[in-house]
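Heads up: the sequence lines are chains A, B, C and D, in that order. In my numbering, each residue carries its 1-based index in the first sequence increased by 7. In my numbering, each residue carries its 1-based index in the second sequence increased by 7. In my numbering, each residue carries its 1-based index in the third sequence increased by 7. In my numbering, each residue carries its 1-based index in the fourth sequence increased by 7.
Treat each hint with caution, since some may be false.
Anything over 12 Å on all C-beta distances counts as not near chain B; from chain A, calculated [what the hints assert, rightly or not]:
no.	residue
1	Phe40
2	Glu125
3	Glu131
4	Pro182
5	Arg215
6	His231
7	Ala236
8	Asp271
9	Thr284
Now the in silico label distances, taken between C-beta atoms and shown as ranges [claimed, not checked]:
no.	chain 1	residue 1	chain 2	residue 2	range
10	B	Thr250	D	Asp225	16 to 26 Å
11	A	Asp229	D	Val322	16 to 26 Å
12	A	Asp229	D	Asp315	30 to 40 Å
In silico DSSO-like links for lysine-lysine, alpha-carbon gap of 30 Å or less [to be verified]:
no.	chain 1	residue 1	chain 2	residue 2
13	B	Lys70	C	Lys27
14	B	Lys278	A	Lys278
15	D	Lys27	A	Lys12
16	A	Lys348	D	Lys27
17	B	Lys70	C	Lys12
18	D	Lys27	A	Lys70
19	D	Lys70	A	Lys27
20	B	Lys12	C	Lys70
21	C	Lys70	C	Lys97
22	A	Lys12	D	Lys70
23	C	Lys70	B	Lys27
24	B	Lys348	C	Lys27
25	C	Lys27	B	Lys12
26	B	Lys27	C	Lys348
27	D	Lys12	A	Lys70
28	C	Lys12	C	Lys70
29	A	Lys97	A	Lys348
30	D	Lys70	A	Lys70
31	D	Lys278	C	Lys278
32	D	Lys27	A	Lys27
33	B	Lys70	C	Lys70
34	D	Lys348	A	Lys27
35	C	Lys12	B	Lys27
36	A	Lys27	A	Lys97
37	C	Lys97	C	Lys27
38	A	Lys348	A	Lys12
39	D	Lys12	A	Lys27
40	C	Lys27	B	Lys27
To be clear, the hints were calculated from the coordinates, so they are not data collected in a lab. Bear in mind the structure is a predicted one, so any value in this text is a computation, not a measurement. Every residue, glycine too, gets a C-beta built ideally from N, C-alpha and C.
4 protein chains.
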Amino acid sequence: MTSRKPQLRIGLIGTGFMGKTHVFGFAAASRVFDLPYDIVLHSVADRTDELAVAAARGLGFAKSSGDWRRLVADGEIDVIDITTPNALHKEIALAAISAGKHVYCEKPLTAWASDAREMADAAEAAGVKTQVGFNYLCNPMMALARDLIASGELGEIRLYRGIHAEDYMMDPASPFTFRHDPAGGGALADIGSHALATAEYLLGPIARVMGDCVTVYDRRPDGHGGFRAVEVDDVGRAFLRFTNGASGSIEASWISTGRKMQHDFEIHGTKGALFFTQERFNELHFYSMADAAGRRGFRRIEAGPDHDPYGRFCVAPGHQLGFNDLKTIEVARFLDCLAGKRPEPFNFRAGARVQALVEAIHDSSRRSQWVEIP
Amino acid sequence: MTSRKPQLRIGLIGTGFMGKTHVFGFAAASRVFDLPYDIVLHSVADRTDELAVAAARGLGFAKSSGDWRRLVADGEIDVIDITTPNALHKEIALAAISAGKHVYCEKPLTAWASDAREMADAAEAAGVKTQVGFNYLCNPMMALARDLIASGELGEIRLYRGIHAEDYMMDPASPFTFRHDPAGGGALADIGSHALATAEYLLGPIARVMGDCVTVYDRRPDGHGGFRAVEVDDVGRAFLRFTNGASGSIEASWISTGRKMQHDFEIHGTKGALFFTQERFNELHFYSMADAAGRRGFRRIEAGPDHDPYGRFCVAPGHQLGFNDLKTIEVARFLDCLAGKRPEPFNFRAGARVQALVEAIHDSSRRSQWVEIP
Amino acid sequence: MTSRKPQLRIGLIGTGFMGKTHVFGFAAASRVFDLPYDIVLHSVADRTDELAVAAARGLGFAKSSGDWRRLVADGEIDVIDITTPNALHKEIALAAISAGKHVYCEKPLTAWASDAREMADAAEAAGVKTQVGFNYLCNPMMALARDLIASGELGEIRLYRGIHAEDYMMDPASPFTFRHDPAGGGALADIGSHALATAEYLLGPIARVMGDCVTVYDRRPDGHGGFRAVEVDDVGRAFLRFTNGASGSIEASWISTGRKMQHDFEIHGTKGALFFTQERFNELHFYSMADAAGRRGFRRIEAGPDHDPYGRFCVAPGHQLGFNDLKTIEVARFLDCLAGKRPEPFNFRAGARVQALVEAIHDSSRRSQWVEIP
Amino acid sequence: MTSRKPQLRIGLIGTGFMGKTHVFGFAAASRVFDLPYDIVLHSVADRTDELAVAAARGLGFAKSSGDWRRLVADGEIDVIDITTPNALHKEIALAAISAGKHVYCEKPLTAWASDAREMADAAEAAGVKTQVGFNYLCNPMMALARDLIASGELGEIRLYRGIHAEDYMMDPASPFTFRHDPAGGGALADIGSHALATAEYLLGPIARVMGDCVTVYDRRPDGHGGFRAVEVDDVGRAFLRFTNGASGSIEASWISTGRKMQHDFEIHGTKGALFFTQERFNELHFYSMADAAGRRGFRRIEAGPDHDPYGRFCVAPGHQLGFNDLKTIEVARFLDCLAGKRPEPFNFRAGARVQALVEAIHDSSRRSQWVEIP
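Extracted from the complex, chain A is given alone in its bound form (with noise of 0.2 Å):
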């Protein structure tokens, strides 16, 4: 396929669940949008040849290699994409960075905040553009609740209450897993970032936190017929203040049976209200003190073409997005931003602030102290 559009040229790193979703996200969203690029699939590095040549022919990309370092190093690739494992996040980016290459790195961006601020510095040192996939936030109906803060519709902002619940891990039989280390894991950490994510998205800065952390089920079986200490908690909850003068909460758990993507909030201005949930991710509902009295309610409103980008997908409104169209979305936006058509999404700075948010909540429920964010 030939265009007149400069290629973007992509190395991707992980060949897991998240690379091929990555994959699918190039490929979804170059004809979903009218991108500023086209997207070459340059290289992909595996751990060994082997894995490589066999990903290279299953994803689609021209180049393959058992060390990440040679598309690091490679002239040719422009975005270097990072699937890999949490744990190697940090080291990869740092030399992506390094040689010069925008970077756009899965959830979460580091373990410790620290890790995410040396990197957020260095992206912008050396003036490349860096993107963290929380895709909930490419969602339409979240633009327009931003929206209808901004606009004033709501009126000044009071209440916040956001939620993160799922059940993956209520079962205690189930086995101790990455996501049960200290480093980095806990239900806050998981998809807590996710709800703080959304948060600030909404709401603006938060100032300061009080945390309430509980590991419920302190051992998990090691596979081994044994059993490893947990210490990360299964469920973790903040008071909240925004710089903005509001209050609110937000609640993480893994183990709240019967859910399986509660990712809501509710929030309440002086003349108006939103509540979402994730489980109904194409309906926003609104309430107006604008409305005439006895003519008041929350308004379900359903995605559409008036939503952008809702249209790039379907003419019609009412037939809804799907989880991987957020990350199609998700993908678009990164290319805008590197075309300089928009401001960058979600950053490495922004991954570093939520990382900084789940470390304060952490900090605090073990001292039983608000935290300031700094």
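Using the hints provided, position chains B, C and D relative to the given structure of chain A.
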């Protein structure tokens, strides 16, 4: 309790479940509303003197009789309230009307529209006031729906869809009852009458109908080890044409497994729409094209003091009325009508109208032809 | 109305909105339930003789007095029913208890837990029965929730989330009222008390709390053209630890724009989950791991005769109780308790408990420390 | 990209919105599913050579032609994919079938059932495989609904109610389009066809129908300052009898203000019930009499990996598929069918069947008589 209000002396005929409900409504209405009358429970009639004495004691009536004609003849009584089996409605009502009493009668008014018309004619000729117990129409949200239509907020009405579905006859082993009697029985007569009353309450007269009535279980246990043939419908449907030009449909079913109170309607106009379900009857869902593009959606309006007479029951919105409260409103409306403060809310003429619609649908179904409503 | 039942003679003190509601509850309960007593509206007290005479006439009491002490001293009265302003609750209740009367008192019992404990101690020492008006707990669906927990159908309870949010104080121009008085005022005391009562009703005792109380509007119009400083919370939050090992949170707010009755809870156990909102209080949502894989989901259970005492109000399921019906149930429970047919449902001891929780959360919030509940 | 899979070479005819959607489906399906073929975008045809060249470049096809007959004649092409205006479907499809190609064609298959039958006859005679794009049937929750019926979990099916309502023609000022042409136009043909396809997918063949088709706006702007008469229905309703003995109804409307995707069904059997709305198409509501008394209710089942092929898109439940994902599933099903791994999912015979139902309803409505389906 003394006061300056005139007294309204009630003579109740029929002391079963509905009789008790009416007495409850009289008692509640006098506490909830500022009624134009002091209600006096004057006399009650039952099948024998002994039963009547017991009923008087239990329900709080001053006098009693084993012969309902004694109540009709009693010059002290202002209102005859009929909650007997349906087959007796006509004879009692006509006698009461002849004696110059106002008449309050449970639904269905009669088995046949011609009988109901005779009763309505008699009442009008005698100049007495009448009411039939279609209590769903007393819901403040139903009034709100009618106001939204009357105000033009929905524009011109184009479409109507009404349902009344429950499952109390879903078990083929449940025995033959008076509700299975061809004289006025069947799902359409029993609960479809509600759907028809609601349709005309909201959109005005139905001009013609095409019916589809189905007997799913053509026999029921007779209670003596045998079976009795069933001819009435378990489900009745109709296409509708309203005189205002709208088209629509209603459906009634008493074999709709899992549905307990699916009395729903959906109305589409040129400027807006309404959705309602009796399953959540303190809510009305309103869609308005007057809302800004991108912010439109069905608005869940919760009942509150803005929706008269909700405020009589509770000063705070969202607290919700119950089923029995609708009966209380019905009683109050009749008293207001007797005092000349409002027109008859749902009188014998309206009750006859509903019977005529039911008969027209049955007739249409039998003949597979559209039937004009006189 | 005569019967063989013993009489229960009521002395009502306080004739405002809640006084009327109680009288309505007495009247309705005697018609809905088969009560163990004939309720006699014996005497009513108001601030002056004239007001009391008018109240007696309006509410149907036989006698009246401008001095509540006359009722307490009247040997014919069995129950003192207190619906006065909160500040008078303690003095009247202690006098009534001294006189050997049973006491039914509106919520909140007192401004301070120590006062409430004194009242509970006195009642227990005197052997009289007491009840505080937490009527949301009288909902049949609340009982169903407790049954599902007690039966083990949810497994071991791990998580709790409770909310009570309304918007009746959202307008900063709404004036200072007794609800803004530091002695027992604020959102947490006013409606958070409901959230706390529900939490303990369902999960048992709370062991410790961490509070977060926020005054959003620190002054309110004083009604004389000036302003009065407000110290009480507009929103109160708390992290919770239950003695059964579960953790959770509650939130109370009276500035939640658009919310009229968001008294919600969500409970997660090892085998199932519950979700409830008072906005639709005739429904309970139940998730069970016992359902087959691929067929699990939150089940919307509609209230019906299976859920006692719903059947007392209506023989058919799905017809829905209203807010006032919960008061009727509350009255009936107290009478059953007085007749020895059931334990005290929500007595002064329970009322004192709720006050203690409110105070502990306030205290915790001030000190930013976890506070143990005695 | 090389692999051992056989190639499947696509010839696409029609490059408008649906053409792009199909190409997107081909691309996505090969990444989401383990397809039996490598899809090769071989050739594309458009109205002129120039347009075709541009389309090939934009959509990624290797070759192009301004004459669709060249593709039909090309021996290298395995599948002809038709997304042209409806009027061309028949001629192209018959030519493709004659040439021994498999044919994938957008809905509606043709304007008239007799044409569709001719196409189905030809395909069967030639032994080629066909598919029509009824993509709502590709929803995993639709398959779950069918499984619940087939497994007997609903018992014997008694009642069906189907709706497909949108509002894209609600504005009388929206101009006359091909959808208003009597040859296959109208709400019933355009979207009622979905309601009919769903009804038969779930309950099996419809035996007879009674129709009610209404033209609400009998003229539309012709785009040249005048008006053009409209004869097709804006709303089409039908009573239904299924060969399994159930009765039911469907309704189609494109003037239902506020409704964007109200493709709903409700099914009642002797042991359970289902409710579904395409507005929230990742959910199915299931009521089972097998649940214990007092714990029954409609269960909101959320789509997840238990519901094949959801797991191909996402490993976690509750994340939700989007509208375009249904097209991806449709493509995969056709390839599986071509590989002999499953029967034809919705072939020309099925497409002809839907057209026959639409025509029967139109015919019935005109004649006001029940019409048997052959």
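Each hint tested on the structure:
1. Even its closest Cβ contact with chain B, about 20 Å, leaves Phe40 (chain A) beyond 12 Å, as expected for a residue assigned away from the interface.
2. Every C-beta of chain B lies more than 12 Å from that of Glu125 (chain A), the closest at about 41 Å, which supports listing it as non-interface.
3. Interface exclusion of Glu131 (chain A) from chain B stands, the closest Cβ pair being 35 Å apart, more than 12 Å.
4. Every beta carbon of chain B lies more than 12 Å from that of Pro182 (chain A), the smallest distance being close to 40 Å; the non-interface claim holds.
5. Arg215 (chain A), annotated as away from the interface, keeps every beta carbon of chain B farther than 12 Å; the closest lies near 33 Å.
6. Remark: the non-interface label on His231 (chain A) is consistent with the geometry, its nearest Cβ contact in chain B lying 48 Å away (cut-off 12 Å).
7. With a least beta-carbon separation of about 47 Å from chain B, Ala236 (chain A) lies farther than 12 Å from that chain, consistent with its non-interface assignment.
8. Taking the minimum C-beta to C-beta distance to chain B, about 17 Å, the non-interface status of Asp271 (chain A) holds against the 12 Å cut.
9. Non-interface call for Thr284 (chain A) relative to chain B: holds, since the shortest CB-CB distance, roughly 15 Å, exceeds 12 Å.
10. Taking 16 to 26 Å as the suggested C-beta distance range, the pair Thr250 (chain B) and Asp225 (chain D) conforms, at roughly 19 Å.
11. Roughly 23 Å separates the CB atoms of Asp229 (chain A) and Val322 (chain D), a value that falls within the hinted 16 to 26 Å.
12. The given range of 30 to 40 Å is respected by Asp229 (chain A) and Asp315 (chain D), whose C-beta atoms sit roughly 32 Å from each other.
13. Taken as a hint, the Lys70 (chain B) and Lys27 (chain C) pair is honoured in the structure, with Cα atoms around 29 Å apart against an allowance of 30 Å.
14. Between Lys278 (chain B) and Lys278 (chain A) the CA atoms are separated by roughly 25 Å; this keeps the pair inside 30 Å, and the hint holds.
15. At roughly 20 Å between alpha-carbon atoms, Lys27 (chain D) and Lys12 (chain A) fall within 30 Å of each other, so this suggested pair holds.
16. Of the pairs offered as hints, the one joining Lys348 (chain A) and Lys27 (chain D) holds, with about 25 Å between alpha carbons and a cut-off of 30 Å not exceeded.
17. Under the criterion of a C-alpha separation no larger than 30 Å, the hint pairing Lys70 (chain B) with Lys12 (chain C) is consistent with the structure, at around 21 Å.
18. Simply put, Lys27 (chain D) and Lys70 (chain A) have alpha-carbon atoms about 29 Å apart, close enough for the 30 Å limit, and the pair holds.
19. Restraint check: the Cα-Cα separation between Lys70 (chain D) and Lys27 (chain A) comes to about 29 Å, which is no more than 30 Å; the hinted pair holds.
20. Taking the CA atoms of Lys12 (chain B) and Lys70 (chain C), the gap is about 21 Å. The hint holds against a cut of 30 Å.
21. Between the alpha carbons of Lys70 (chain C) and Lys97 (chain C) the distance comes to roughly 24 Å, so the proposed pair stays at or under 30 Å and holds.
22. At roughly 21 Å between alpha-carbon atoms, Lys12 (chain A) and Lys70 (chain D) fall within 30 Å of each other, so this suggested pair holds.
23. Restraint check for Lys70 (chain C) and Lys27 (chain B): satisfied, since their Cα atoms lie roughly 29 Å apart, inside the 30 Å limit.
24. Restraint check for Lys348 (chain B) and Lys27 (chain C): the C-alpha separation of about 25 Å stays at or below 30 Å, so the hint holds.
25. Note on Lys27 (chain C) and Lys12 (chain B): the hinted pairing holds, with a Cα-Cα distance of about 20 Å set against a maximum of 30 Å.
26. Taking the CA atoms of Lys27 (chain B) and Lys348 (chain C), the gap is about 25 Å. The hint holds against a cut of 30 Å.
27. For the proposed pair Lys12 (chain D) and Lys70 (chain A), the alpha carbon gap of about 21 Å is at most 30 Å, so the pair holds.
28. Restraint check for Lys12 (chain C) and Lys70 (chain C): the C-alpha separation of about 22 Å stays at or below 30 Å, so the hint holds.
29. Between Lys97 (chain A) and Lys348 (chain A) the alpha-carbon distance is near 27 Å, which keeps this suggested pair within the 30 Å criterion.
30. Under the criterion of a C-alpha separation no larger than 30 Å, the hint pairing Lys70 (chain D) with Lys70 (chain A) is consistent with the structure, at around 26 Å.
31. Using a Cα cut-off of 30 Å, the hinted pair Lys278 (chain D) and Lys278 (chain C) holds, with the two alpha carbons roughly 25 Å apart.
32. Note on Lys27 (chain D) and Lys27 (chain A): the hinted pairing holds, with a Cα-Cα distance of about 23 Å set against a maximum of 30 Å.
33. At most 30 Å may separate the alpha-carbon atoms for a hinted pair to count; Lys70 (chain B) and Lys70 (chain C) meet this at roughly 26 Å.
34. Pair hint Lys348 (chain D) plus Lys27 (chain A) holds up; C-alpha atoms about 25 Å apart against a cutoff of 30 Å.
35. For the suggested pair Lys12 (chain C) and Lys27 (chain B), the alpha carbons sit about 20 Å apart, so the restraint of at most 30 Å is met.
36. With a C-alpha separation of about 21 Å, the suggested pair Lys27 (chain A) and Lys97 (chain A) falls inside the 30 Å cut-off, and the hint holds.
37. Note on Lys97 (chain C) and Lys27 (chain C): the hinted pairing holds, with a Cα-Cα distance of about 21 Å set against a maximum of 30 Å.
38. A distance of roughly 15 Å separates the Cα atoms of Lys348 (chain A) and Lys12 (chain A); the hinted pair therefore holds under the 30 Å criterion.
39. Distance restraint check for Lys12 (chain D) and Lys27 (chain A): the Cα-Cα separation of roughly 20 Å lies within the 30 Å cut-off, and the hinted pair is therefore satisfied.
40. Note on Lys27 (chain C) and Lys27 (chain B): the hinted pairing holds, with a Cα-Cα distance of about 23 Å set against a maximum of 30 Å.
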